[in-house]
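Novice: Quick mapping for you: the protein sequence lines, in order, are chains A and B.
Reading the first sequence from the start, the letters are residues 1 to 332 in the numbering used here.
Reading the second sequence from the start, the letters are residues 1 to 411 in the numbering used here.
Derived from the structure by calculation, the hints contain no laboratory data.
All C-beta atoms, glycine included, are put in the ideal place defined by N, C-alpha and C.
Heads up, some of the hints might be wrong.
What the hints assert, rightly or not - In silico contact screen, one side only, chain A against chain B (beta carbon under 10 Å); selected entries:
| id | residue |
| --- | --- |
| 1 | S48 |
| 2 | G49 |
| 3 | L62 |
| 4 | M104 |
| 5 | L107 |
| 6 | A142 |
| 7 | Q153 |
| 8 | P155 |
| 9 | S159 |
| 10 | N217 |
| 11 | A222 |
| 12 | L246 |
| 13 | V261 |
| 14 | H263 |
| 15 | S270 |
| 16 | P273 |
Spelled out from the first residue to the last, the chains are:
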Amino acid sequence: MTGPGVAAVLDVRDLRVWYATPRGPLLAVDGIDLSLGAGECLGLVGESGCGKSSLGRAILGLLPEGAGCDGVLSVAGVAVMSLSPHERRELRGEQVSLIFQEPMSRLDPLMRVEDHFVEMITAHRPEVSKQEARRMCYETLASLGVPPRRASQYPHEFSGGMRQRIMIGLGIVLRPRLVVADEPTTALDTLVQAQILEILRGLADDQGIAVLLITHNIGAVAETCDRVAVMYAAKIVEVGSVDQVLSRPGHPYTQGLVASVIHLQSETLSSIPGSPPDLADPPAGCRFHPRCPHVMDVCRTTEPPPVAVGDGTVACWLHVPVGSHPAPHPSG
Amino acid sequence: MAFVETRDLRTSFSLSGSFLSRLAGRPGVSITAVDGVSLSVEQGHIYGVVGESGSGKTTLGRSILRLVEPTSGVVLFDGEDILALSPRQFRPYRRRMQIVFQDPQAALSPAMTVGAAVAHPLVIHGLANGQEARRRAGDMLERVGLEPAQRFLDAYPTDLSGGQKQRAVIARALMLGPEFVVADEPVSMLDASVRTKILSLLLDLQRSLGLTYLFITHDLAAARFVCDSIAILYLGQVVEQGPARGVYAQPRHPYTRALLAAVPQPDPARRAKKDIPGGEIPDAASPPANCRFHPRCPRAFSPCGLEGKDLVDALEARWTGLPEDEFAWERALLGGLLPQGRRLVVRPGRSGGSAEVVAFFERLRDEGPPAFRSIESIAAVGPMVVLGLSEGHDPTPVDVGGSLVSCHLYP
């Protein structure tokens, strides 16, 4: 959590992201609050289609054509919503960068690795000489375990894990305050995945960068993050410290999600019945109620408010004292 | 007796170079994706093949089914040497063995209804058609949990979720009543909550139909849950195999240990600093000599087959952990490092001559990490220092507490 007086690196209030579809607007992110401080690593987890990547792209100002968003979004104290496209481009790279799942598609196959760095650095900092930019490149690569002597090679000469390190290097060479990593290890093998997660953890610990790790891999979050936010059907249903949320999950969806992870101590296979709703036509009340083993009448009609639980919040009627539940709707 | 067995199975592909290199008469490059694999699968058991991408696990599964033709070796299916059979003789065996692919999206034709796709094997093999084929497809859909079948028979794959598509693919694989199923990463494309449902289904089908599975995966946690036996594959070779219980309780090969250490733990209380080996799986077209894991192995030593370039890597690994001044001194001492096969030629740098370089490597050999113990000779040749490395040899499988381990740490 961000302490009092410390400005959050990322501050999101009531953010909504929508896409136009033939059936009307689809809300992929529906009123989300999130904050992230320097040196903190926050995991954003949820099943495919829950809206977590849309949230990441909105933070970067990289939503596709035909998408819209509103709400409050500030990165390093800058209100992103009011920036021009040009100012947003400047913000990306200098204050915030994105690390993608597939690094090869983001590197120019005809450019040496060091030229990627020189171009990136001089575009944002015209006063930096080429020589100085190259020195920054070598230093960054070395810190990520890429031998600087390989900086003159082309992207195809590197393995998947090395390319992902290069992408991370390009993302951090200008010392941004925030790194958004969207499924950064999904395409990588087990051992390389562990290497990259260690690097992301190091960005937060050693350089004070705020890291937002978007993933469906609960294990990766447990190993890497300080806090975790759980997204279901375009909303955050639970947020809190990794220790609390993954060891003592408060929301029935989080409980189901954590129980469904197969790990090296698993004795049973557990799953959540049903499947996530269509975001173009989400259920009324709590969006998880059709799949929830603890569903009550109030869940079917009224959306639960976020309630403080331990060091975080849970949006579930089970955590609201019965006396505070809304009166049932009059019938008829 | 084993139900399915491979003996020294090898499958190579030739990458036949460019047009110009063929014109010049140069031989094409060949990749041995499966390199001498021997394993035996008991009837009614689940045998796990675990490896990272590039380990050859998918090619192994396909070679056993003869979906790709192995280059050499033996595949015994129910006692019959199926690689020796003509295509005509092999046909009855095809029906007894099936495969479930990783990507259900790619495995189903978008232009075919689910009912038609599931009934297709019956029609192809002339076992049923029309209403009879549709009825049997409907029964199988219900068997794999796509109920009521009426809702799915006329649906197209785009109408189905990822988990439902994989159920349809499983239904199609079971239509001909196979006894042996190769499941190639059947759940890796699915979300965690769907993954457990499909695994439960596969386990349920295996028990109720008495199936035998070859379960191919990169997910050690899932393999532990479903498999009776397990083989760990690295660059086309089995490094460790045995009863799953034993391999997980006491992994022996450094690669198996590294893989297990890298599995993310969802319980934050188990979070621990890991010692993950660096590097990645090398190019299968030019695999490392002798033990193929040696360039990444933290315990690699003399017999493992180290080469000059491995010593360069070991030096770089050492430098990342040194204080700045010691690193600067060593970097200045070693002006150039030129690996030549099992030799490393060192050009002394600014801060010392060949005598200092010789003394430096003598100290590393005696006190450094295991990789430097492979230095057999250190000689000043003119202005250069030449390091000769001891010759390695291939590790052979050794029985260690019930597991077969191919590693020089277990002589």
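Novice: Taking the hints in turn, state whether each one holds.
Specialist: Verification of the supplied hints:
{"no.": "1", "hint": "S48", "result": "6 Å, holds"}
{"no.": "2", "hint": "G49", "result": "9 Å, holds"}
{"no.": "3", "hint": "L62", "result": "24 Å, violated"}
{"no.": "4", "hint": "M104", "result": "14 Å, violated"}
{"no.": "5", "hint": "L107", "result": "17 Å, violated"}
{"no.": "6", "hint": "A142", "result": "8 Å, holds"}
{"no.": "7", "hint": "Q153", "result": "15 Å, violated"}
{"no.": "8", "hint": "P155", "result": "15 Å, violated"}
{"no.": "9", "hint": "S159", "result": "4 Å, holds"}
{"no.": "10", "hint": "N217", "result": "7 Å, holds"}
{"no.": "11", "hint": "A222", "result": "5 Å, holds"}
{"no.": "12", "hint": "L246", "result": "6 Å, holds"}
{"no.": "13", "hint": "V261", "result": "5 Å, holds"}
{"no.": "14", "hint": "H263", "result": "5 Å, holds"}
{"no.": "15", "hint": "S270", "result": "6 Å, holds"}
{"no.": "16", "hint": "P273", "result": "9 Å, holds"}
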